[in-house]
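Position chain B against the provided structure of chain A, taking the given hints into account.
Going line by line, the protein sequences match chains A and B.
The first sequence begins at 1 in my numbering and counts up one residue at a time.
The second sequence begins at 1 in my numbering and counts up one residue at a time.
Warning: the hint list may mix true and false statements.
To give an idea of the interface, some chain B residues facing chain A are shown, with a C-beta separation under 7 Å as derived from the structure [said to hold, decoys possible]:
hint : residue
1    : 45
2    : 134
3    : 171
4    : 176
5    : 181
6    : 188
7    : 189
8    : 192
9    : 194
10   : 224
11   : 225
12   : 229
13   : 233
14   : 235
15   : 236
16   : 240
Sample of chain B residues with no beta-carbon within 12 Å of chain A, all distances over it, derived [as the list claims (entries may be wrong)]:
hint : residue
17   : 34
18   : 60
19   : 141
20   : 147
21   : 184
These are calculated hints, taken from the structure and not from any lab test.
Quick reminder that beta carbons are idealized off the backbone N, C-alpha and C, glycines included.
In case you want the letters, here they are:
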Amino acid sequence: MYKFLLAIWMAVIIVAAFLYAEAATGFPGETSRILFFHVPQAWIATLSFLISMIASAVYLAKRHVKADYLAQSAAELGFLFCVLATITGSIFAKATWGSFWNWDPRQTSIVILLMIYGAYFAVRSAVSDPNRRRVFAAVYSILAFVTVPFLVFVVPRITTSLHPENTMNPAHPGMDPKTLKVFLGSLFAYTGLFVWMLRLKIRVLAIEGLREPKFVNRKSDRG
Amino acid sequence: MHQTKSGRQTTQTESSIYLNEAFAIWFRDLRSEFRTRYALNAILMFAVTTLIAVSFSIGSFRIEEAERPFLYSVLLWIILTFSALSGLARSFVKEEEAGTIDVLKLCARPQAVFLGKLLFNLTLLGALELIIVPSFILLMCYQINFPGFFIAMIISGGLGLGAGTTIIAAMIARASTRGALFSALSLPLLLPLMITCIKGCERAAIGISSAGWPEVKIAVAYFVIMITMSLLLFPLVWEE
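Just chain A, same shape as in the assembly (with noise of 0.2 Å):
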C-alpha cells in the first residue's frame, strides 16, 4: 500500500520541484532545482554507509546474520545512490564551473567513496566461505569508515571547495520557504524509497542465504 503513496508522493514532489519551487538566485538559470535531487541522493548515500557500518559492527559483536544482510544490502543501494549523487553533481558543475570533472574536494572525497564502496563488495566476491566472507567484509568496513574522517580534514587542505554550501543549505535562513517544502517533501520521498528498498534487498539476501551450502569446504579459498 505504502508503495503507492510513495509513488504519488514522488510524483508531486518532481512535480514541485519544476514548478512549484522558484529558481534560488545566483545560480544560472534553472540550475539550482538539482537541489532537490543531488542533496536527497547524498543524504541517502551517508546514511546507508553509515548503517552498513553500525551493522557490520553489530554482525561482528552477535553473529546475527541479519546484521551482515543489512550490511550489504546498505552498501549496495549506497553505491547506487553515490553514482547517482556523483553524475548528478557533475552534471550541475558542467552548468555552473564549466566542467564535468574538475577534482572539487567534494568531488575527490565521493570517489574515494566509491572506492571503498567498490572494494568492498571485491572482498565480498573473493571469500567462498559465508561466515568468513561476513567477517571479512564486516571487519573492511570498520576499517574503511575510519579513515574517513582523514578524508573531512586532509582533502579540504589542499584546495578551496567551489561546492555551494552556504546558499543551499536547508539550515541556511536565506532559504526560500516554498523551496524548503519542496526540498524536505523530496528527502522524505528518498527516504521513504530509500527504505523500501533495503527492505526488498533483505529479503532477496534472505532468500539466497537459505540456499547457501552449510559446510563449505575451506580449503576452496586458499587455492
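Coordinates of chain B only, in the frame set by chain A:
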C-alpha cells in the same frame, strides 16, 4: 616461541608476553626472509624498475623548475606505495601457502601475530625507503630545502603504509583471489595518507617552514588509528 610462552608465563606481565611473542615472530620472519629474500626481492625489483622507467622517461630536467617539488613528490609516493603493495601481502600469504598458519595460531596470541607481522612489514618498508628515496633524489635531481621535514615525512608515511596494509594482507591471504585484490583493498584506505604524504614532501622540497609539521602529525595519527583498529579487528580475521 614455545619457550617464551610456556615457561615464563607466571613471572612476566601480560604485555611483555605479547611483546616477546611479537618479537619472536618478527625475528623468525626476518630470518626466513634473509634465507629466501622473496619479499625484499619482489619489492625492490618492482621499485627499481619503476624508478628507472620514471627516470628514463622524464629525466631530471624535463619538468620545469616550478613544477618539480609537487610532481616529484607525486612520483616518489606512487613508486613507494605501489612497490609496497607488490610485496607486503607476502608476510601472510607465505604462512597460508606453507601451511604454517595453524601452528602459528597455536603458538601466539592474535595481537602478537599482528604486531610481529607489522614489525616485519615495517622493516621491509624501511629497507625499501632507504634504497629508493636516496636513488630517486639522485636520479631526478630532487632538490629538498627542508631535509628534516622531508625525512620525517618519509618515515611517518612508511609507518602509515605498513599499518594500513598489514591487516588487509591477513585478509587477502585467506581469500581465493590474491594478487590484484591486495592493491584494490588497500588503496582506498591508503589514499588519505598518500595525499598527506605528497603534500608534506612537496612542502619540504619547496622549503616552506611549517610550524609543527602538520602533515607528519596527520601521518602519525593515521598510523596510530590504523594500529588501534587493527589490534581490535585482527583477532576476528585471524580466528575466522
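How the hints compare with the structure:
Violation of the interface hint for residue 45/B is found here, the shortest Cβ-Cβ separation to chain A being roughly 26 Å, above the 7 Å cut-off. The criterion of a C-beta within 7 Å of any C-beta in chain A is not met by residue 134/B, whose closest approach is roughly 27 Å, and the hint is violated. For residue 171/B, the interface hint holds, the least distance from its beta-carbon to any beta-carbon of chain A being 5 Å, beneath 7 Å. Checking residue 176/B against chain A: minimum C-beta separation of about 5 Å stays under 7 Å; hint holds.
Against a cut-off of 7 Å between C-beta atoms, the interface hint on residue 181/B holds, since the closest Cβ of chain A lies about 5 Å away. About 4 Å separates the beta-carbon of residue 188/B from the nearest beta-carbon of chain A, less than 7 Å, and the hint is met. For residue 189/B, the interface hint holds, the least distance from its beta-carbon to any beta-carbon of chain A being 5 Å, beneath 7 Å. At about 4 Å, the closest approach between the beta carbon of residue 192/B and any beta carbon in chain A falls short of 7 Å, and the interface hint on this residue holds.
Here the hint on residue 194/B is broken, as its CB sits about 10 Å from the closest CB of chain A, past 7 Å. Because the smallest distance between the Cβ of residue 224/B and any Cβ of chain A comes to about 11 Å, over 7 Å, the interface hint for this residue is violated. The beta carbon of residue 225/B comes within 6 Å of a beta carbon in chain A, closer than 7 Å, and the hint placing it at the interface holds. Against a cut-off of 7 Å between C-beta atoms, the interface hint on residue 229/B holds, since the closest Cβ of chain A lies about 5 Å away.
Annotation: residue 233/B was flagged as interfacial toward chain A, and the flag holds, the nearest CB pair being 5 Å apart, inside 7 Å. With a least beta-carbon distance of about 10 Å to chain A, the hint placing residue 235/B at the interface is violated under the 7 Å criterion. At about 6 Å, the closest approach between the beta carbon of residue 236/B and any beta carbon in chain A falls short of 7 Å, and the interface hint on this residue holds. Interface hint at residue 240/B: satisfied, since its Cβ lies 5 Å from the closest Cβ of chain A, which is below the 7 Å cut-off.
Chain A leaves residue 34/B outside its interface by the beta-carbon criterion, the shortest separation being 26 Å against a cut-off of 12 Å. Residue placement check: residue 60/B keeps its beta carbon more than 12 Å from all beta carbons of chain A (closest about 26 Å). Residue-level check passed: residue 141/B sits 26 Å from the nearest beta carbon of chain A, beyond 12 Å. Every Cβ of chain A is farther than 12 Å from the Cβ of residue 147/B; the closest lies at roughly 23 Å, confirming the non-interface assignment.
Distance check for residue 184/B against chain A: the nearest CB is about 5 Å away, which does not clear 12 Å, and the non-interface claim fails.
Hints 1, 2, 9, 10, 14 and 21, counting from the list given before, are not met by this structure.
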